[in-house]
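Listed here are the chains, written in short residue letters.
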Amino acid sequence: MGLEKKLLAAGLLLFLLLASCSPRLQKRERPAPPSPPIRVLLAEIASVDSLEFSGLYHLQTEEARYAFGRQAPKVFFRVDSSGFRIYNNKRFFQFRTTHRVSFNPAEPSSGIRYRGKSYAGRIALVYKNRKLLLIEQLPLEKYIAGVVPAEIFTNKSEWFEAVKAQAVCARTYAYKKMKSRQNADFDVYSDVRDQAYGGTGRQTLLGNKATEQTRGSVLYYKDSLAHTYFHACDGGVSEAVEDVWGQKNRPYLNSRQDVLNDSFSCRTSPVFRWRQTRSMAQLDSAYAFMFGHGFSDSTVSDTTRIALSLRVASRTPSGRVRQLELRYGKEKRILSGYAIRRFLAWPLGGYLPSTLFRLEKKGDKLHIIGGGNGHGVGLCQYGAMGRSEKGMRFYHILQSYYPGTHLEKVY
Amino acid sequence: MKYTLLAVALLFLSTACNPGLVRQERLANKRPAADSTLYYSASHIGDPFLDSLKTDTARVSLVLTLYPPPPPPPPKFRQIEGFRVQLFAGLDSLNGRVIAGELQGVMADSVYFFKEKGLYKVQAGDYPWRHKADRMVLDLRKKGYAQGWVVRRLINVPADTSLAAQADSLQPQKDVTPPVEAKFQIQVLVTSDKEKAQGLAGTLRQRFQQEVYIQPAGTIYKVLLGRFAKRSEAEKVLKKIKQNGYKDAWLVY
Numbered sequence: 001m002g003l004e005k006k007l008l009a010a011g012l013l014l015f016l017l018l019a020s021c022s023p024r025l026q027k028r029e030r031p032a033p034p035s036p037p038i039r040v041l042l043a044e045i046a047s048v049d050s051l052e053f054s055g056l057y058h059l060q061t062e063e064a065r066y067a068f069g070r071q072a073p074k075v076f077f078r079v080d081s082s083g084f085r086i087y088n089n090k091r092f093f094q095f096r097t098t099h100r101v102s103f104n105p106a107e108p109s110s111g112i113r114y115r116g117k118s119y120a121g122r123i124a125l126v127y128k129n130r131k132l133l134l135i136e137q138l139p140l141e142k143y144i145a146g147v148v149p150a151e152i153f154t155n156k157s158e159w160f161e162a163v164k165a166q167a168v169c170a171r172t173y174a175y176k177k178m179k180s181r182q183n184a185d186f187d188v189y190s191d192v193r194d195q196a197y198g199g200t201g202r203q204t205l206l207g208n209k210a211t212e213q214t215r216g217s218v219l220y221y222k223d224s225l226a227h228t229y230f231h232a233c234d235g236g237v238s239e240a241v242e243d244v245w246g247q248k249n250r251p252y253l254n255s256r257q258d259v260l261n262d263s264f265s266c267r268t269s270p271v272f273r274w275r276q277t278r279s280m281a282q283l284d285s286a287y288a289f290m291f292g293h294g295f296s297d298s299t300v301s302d303t304t305r306i307a308l309s310l311r312v313a314s315r316t317p318s319g320r321v322r323q324l325e326l327r328y329g330k331e332k333r334i335l336s337g338y339a340i341r342r343f344l345a346w347p348l349g350g351y352l353p354s355t356l357f358r359l360e361k362k363g364d365k366l367h368i369i370g371g372g373n374g375h376g377v378g379l380c381q382y383g384a385m386g387r388s389e390k391g392m393r394f395y396h397i398l399q400s401y402y403p404g405t406h407l408e409k410v411y
Numbered sequence: 001m002k003y004t005l006l007a008v009a010l011l012f013l014s015t016a017c018n019p020g021l022v023r024q025e026r027l028a029n030k031r032p033a034a035d036s037t038l039y040y041s042a043s044h045i046g047d048p049f050l051d052s053l054k055t056d057t058a059r060v061s062l063v064l065t066l067y068p069p070p071p072p073p074p075p076k077f078r079q080i081e082g083f084r085v086q087l088f089a090g091l092d093s094l095n096g097r098v099i100a101g102e103l104q105g106v107m108a109d110s111v112y113f114f115k116e117k118g119l120y121k122v123q124a125g126d127y128p129w130r131h132k133a134d135r136m137v138l139d140l141r142k143k144g145y146a147q148g149w150v151v152r153r154l155i156n157v158p159a160d161t162s163l164a165a166q167a168d169s170l171q172p173q174k175d176v177t178p179p180v181e182a183k184f185q186i187q188v189l190v191t192s193d194k195e196k197a198q199g200l201a202g203t204l205r206q207r208f209q210q211e212v213y214i215q216p217a218g219t220i221y222k223v224l225l226g227r228f229a230k231r232s233e234a235e236k237v238l239k240k241i242k243q244n245g246y247k248d249a250w251l252v253y
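For the record, the sequence lines run as chains C and A. In terms of full-length UniProt numbering, the first sequence opens at residue 1 and continues consecutively. In terms of full-length UniProt numbering, the second sequence opens at residue 1 and continues consecutively.
Worth double-checking, as some hints may not be accurate.
[What the hints assert, rightly or not] Chain C stretches covered by chain A per the calculated footprint, using a threshold of three residues with CB under 8 Å from any CB of chain A:
{"hint": "1", "region": "7-13"}
{"hint": "2", "region": "93-101"}
{"hint": "3", "region": "289-298"}
{"hint": "4", "region": "303-312"}
[As the list claims (entries may be wrong)] Computed list of lysine to any residue pairs in SDA-like fashion (alpha-carbon distance at most 20 Å, straight line):
{"hint": "5", "chain 1": "A", "residue 1": "K54", "chain 2": "C", "residue 2": "H367"}
{"hint": "6", "chain 1": "C", "residue 1": "K361", "chain 2": "A", "residue 2": "A229"}
{"hint": "7", "chain 1": "A", "residue 1": "K2", "chain 2": "C", "residue 2": "L13"}
{"hint": "8", "chain 1": "C", "residue 1": "K332", "chain 2": "A", "residue 2": "T65"}
{"hint": "9", "chain 1": "A", "residue 1": "K54", "chain 2": "C", "residue 2": "K332"}
{"hint": "10", "chain 1": "C", "residue 1": "K390", "chain 2": "A", "residue 2": "A42"}
{"hint": "11", "chain 1": "A", "residue 1": "K54", "chain 2": "C", "residue 2": "N104"}
{"hint": "12", "chain 1": "C", "residue 1": "K362", "chain 2": "A", "residue 2": "A58"}
{"hint": "13", "chain 1": "A", "residue 1": "K121", "chain 2": "A", "residue 2": "D134"}
{"hint": "14", "chain 1": "C", "residue 1": "K6", "chain 2": "A", "residue 2": "S52"}
{"hint": "15", "chain 1": "C", "residue 1": "K6", "chain 2": "A", "residue 2": "A7"}
{"hint": "16", "chain 1": "C", "residue 1": "K365", "chain 2": "A", "residue 2": "L6"}
{"hint": "17", "chain 1": "C", "residue 1": "K361", "chain 2": "A", "residue 2": "A42"}
{"hint": "18", "chain 1": "A", "residue 1": "K2", "chain 2": "C", "residue 2": "A10"}
{"hint": "19", "chain 1": "C", "residue 1": "K361", "chain 2": "A", "residue 2": "A7"}
{"hint": "20", "chain 1": "C", "residue 1": "K6", "chain 2": "A", "residue 2": "L13"}
{"hint": "21", "chain 1": "A", "residue 1": "K54", "chain 2": "C", "residue 2": "R315"}
{"hint": "22", "chain 1": "C", "residue 1": "K362", "chain 2": "A", "residue 2": "K121"}
{"hint": "23", "chain 1": "C", "residue 1": "K361", "chain 2": "A", "residue 2": "D56"}
{"hint": "24", "chain 1": "C", "residue 1": "K330", "chain 2": "A", "residue 2": "L66"}
{"hint": "25", "chain 1": "A", "residue 1": "K54", "chain 2": "C", "residue 2": "P317"}
Just so you know, these hints were derived from the structure itself, not from any lab. Every residue gets a Cβ at the ideal spot worked out from N, C-alpha and C, and that includes glycine.
Next comes chain C alone, as it looks inside the complex (with noise of 0.2 Å):
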C-alpha cells in the first residue's frame, strides 16, 4: 500500500464521518406551517385615547399609506358620532364611521405602547356604537406566548410542565372562541371577560419555551374541542361544571379530590386552606351593600338587640356552599351562586377565594374557615404546578384534570 492510498482512506474516511454525524446534512428542517390569525380587542375608546409606536408603523387606509412612529412617536384618537380622528403634531386623519383603517408594522422590530403595554402585531381599526374597537390582529401562538405569563407564574423551571398544560388550555379555549366567533369583530376580549393578555412585554423565557414547544397542540373531548376551564387552586376538591354556572353535566369537568401520591397536589399552595374573620359591623356594610339598606344606622329609641344568623342551607357534591341562609332582622334571603362570594367579601365589592368554607362564631366575630382560590372547575393551577414539580408531564397533567380528554395538533 502506497502513503497515497492510504491519505485517500483517511480522507474518504473522515468524509463519511462528518457526512453521517451532521444533521444539518442528513435532515433539512422544515418551516413550521403558520399558526392561524387571532383578533384581540384592546380597548373600546369613547372618546379620546392615544398610543404610542416604537419602530416604523405604516396606517393603512383605502386609498393610501403613510408612515408614522419615525419622527411623531405619538398619536391621539378621538371618536364621536361621526366617525374618530387619528392626529398628532405632524398629521390630521378624518374618518367616517364605515372607514376600516389599520397600522402595519412595517418591521419586524415595529411595536407600539398602549396603556403601560406593548405589543408587536398589525393594529385594527373598527368603529362600532359610537366607540373605536382597538384590535390587535397576531398569530395565535403570539397571542398564547402573552396570555400563558399573565395566567400563570412562570419564573421556576420547575413549573414548566404546568406551564405548558397552561398553554394548551389557553389554546383551547382561544380556538373555540375562533371557530364560535368567526362573524364578529374580534375574537376574544385581553382581560378577564376571556383571557388576560399581557402582550409582548409580558412574555417570559418560560413561557415562551412552553408555548413554543406545545405549539398547535388543542385538548379534544371526543370529537369536538373541551372546554378547558382552569382556577387557582381547588383547596383538594374539585368542582362539577352543573354546579357552577348551571352548564349541562360534562364527564370530564366533574367533581373529584385532586390527589397525587398520598397527598392533596395543591398542598403547598398558599391559598389551599384560610381562615378570614367578619365583624358584626362589617356584616352589616356588606349587606348594605348587596341588598340597599342596613341596620346599623337606623335611629332607636332603647336598646335595641338586632340578630344576624347565617347558616349553610346546601351544598354541592364537592362541599362547596350552594346555598347560604341569611336572617336578619325580620328579613330572610337565600344567596347563591357567586352573591354569596360577594357577600362575604371584605374589602366590599370584591370575592370571598371560594365556597369551600365552612362558618364558626368566636367571641363576638364570624369566623370563615376555607380552602381553594377560584370557581374549582377544571384545571388547578396549583395543583398542576405541584405535579409539575414531581415530575409530571403535561399531557398527565392535563389528564388528571380533563380525564378522558386527547391532544390533537390543528397545525
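Given chain C's structure and the hints, the job is docking chain A onto it.
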C-alpha cells in the same frame, strides 16, 4: 506511524468540532430516561376540613346592638320678642353675604344672614329694647352703613338669664330715654384747605357768638355753625349769616 497519528488527530478534531454531536449530547442529558414518572394517586384521602363540611349545618348567629342617641345638649339661647337692625333685604344673596361679612368685622354684636319669606336678609344685634336698636342704627350710620332700620322680631337671648339680668340691673336707667337731639346746623363752607377752614371758624365764632365745628369728611373739611333743636331757630341765624356775606351757607341736618 506519523500518518496514523495524523488520522487520529483529525478524527478527534472532527468529532470535537461537530456541532451536531454536541447538541445531541446536550439533549440526551436533559431528556429524562422515562417519558413521565410513574405516579399513583390514592382513591380517597381523609381531610379534617373537607370532612367537617359534610356535617356542617349549624346556624351561626351574631347580634347587632343599637343604642339610643344621647339626649341633646341644653339650648344655649331662647327666643323672645325684641328688635334688630336690618341692613339688607333683597333677592341678591351674594350682596347680602358680603354685607354680613363686612359687618362681622365692624361690630361686636352678632350678625345674622338668612333667607326669610323669599328674601335674603342681613340683621345685626339682639336688642330687647327699641332704643338700643335705634342707637345701633345711628352708630352704623356713622360707620358708613346708612341703610339700616329697626325691625321687630324674635331675638336670641341667653337661655341662662341670671347673668343678663345682673348686667341689666347694673346699667343705669337713663339710657332708656333718648337725649333731645340738636340736629340742625348751618354749613358755611366746604373746602379742602384745613387752615382756611380753621381761620373761617375763628372769624365766625367771634362775629356770631355760636359754636363752630370743623367736620372732616374724606379730604375735605366742612365748617358747621351752631346746633339747633328747631328748624325756625336755625333759619333765623342762617338769614343773618347770608346777609353778612356768606351767601353759600345752607341748612344741614
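Each hint, compared with the structure:
1. Using a Cβ-Cβ cut-off of 8 Å, 3 residues of the region 7-13 of chain C lie near chain A, which meets the minimum of three, so the contact claim holds.
2. Counting residues of the region 93-101 of chain C whose C-beta sits closer than 8 Å to any C-beta of chain A gives 0, which falls short of three, so the coverage hint is violated.
3. With 3 residues bearing a CB less than 8 Å from a CB of chain A, the region 289-298 of chain C meets the requirement of three and the coverage assertion stands.
4. Counting residues of the region 303-312 of chain C whose beta carbon lies closer than 8 Å to any beta carbon of chain A gives 10, which reaches the threshold of three, so the coverage claim holds.
5. Restraint check for K54(A) and H367(C): the C-alpha separation of about 18 Å stays at or below 20 Å, so the hint holds.
6. Of the supplied pair hints, the one linking K361(C) and A229(A) is violated, its CA atoms being roughly 91 Å apart against a limit of 20 Å.
7. For the proposed pair K2(A) and L13(C), the alpha carbon gap of about 17 Å is at most 20 Å, so the pair holds.
8. Note on K332(C) and T65(A): the hinted pairing holds, with a Cα-Cα distance of about 19 Å set against a maximum of 20 Å.
9. Proximity of K54(A) to K332(C) is assessed by CA-CA distance (about 24 Å); at most 20 Å being required, the pair is judged violated.
10. With a C-alpha separation of about 15 Å, the suggested pair K390(C) and A42(A) falls inside the 20 Å cut-off, and the hint holds.
11. Our distance criterion of 20 Å between C-alpha atoms is broken by K54(A) and N104(C), whose separation comes to about 58 Å.
12. A hinted pair counts as satisfied when its Cα atoms are at most 20 Å apart, and K362(C) with A58(A) qualifies at roughly 14 Å.
13. A threshold of 20 Å between alpha carbons decides the hint, and for K121(A) with D134(A) the separation of about 18 Å falls inside it, so the pair holds.
14. Straight-line distance between C-alpha atoms of K6(C) and S52(A) comes to about 85 Å, which puts the hinted pair past the 20 Å bound.
15. With a C-alpha separation of about 10 Å, the suggested pairing of K6(C) with A7(A) holds against the 20 Å cut-off.
16. Using a Cα cut-off of 20 Å, the hinted pair K365(C) and L6(A) is violated, with the two alpha carbons roughly 87 Å apart.
17. Note on K361(C) and A42(A): the hinted pairing is violated, with a Cα-Cα distance of about 34 Å set against a maximum of 20 Å.
18. Taken as a hint, the K2(A) and A10(C) pair is honoured in the structure, with Cα atoms around 13 Å apart against an allowance of 20 Å.
19. At roughly 86 Å between alpha-carbon atoms, K361(C) and A7(A) are farther apart than 20 Å, so this suggested pair is violated.
20. Distance check on the hinted pair: K6(C) and L13(A) sit about 19 Å apart at the alpha-carbon level, within 20 Å; holds.
21. A threshold of 20 Å between alpha carbons decides the hint, and for K54(A) with R315(C) the separation of about 8 Å falls inside it, so the pair holds.
22. As the CA atoms of K362(C) and K121(A) are separated by approximately 60 Å, the hinted pair breaks the 20 Å bound.
23. For the hint linking K361(C) to D56(A), the alpha-carbon distance of about 13 Å falls within 20 Å, and the restraint holds.
24. The hinted pair formed by K330(C) and L66(A) meets the criterion: a straight-line CA distance of about 16 Å does not exceed 20 Å.
25. Only pairs whose Cα atoms come within 20 Å are accepted, and K54(A) paired with P317(C) is accepted, the gap being roughly 9 Å.
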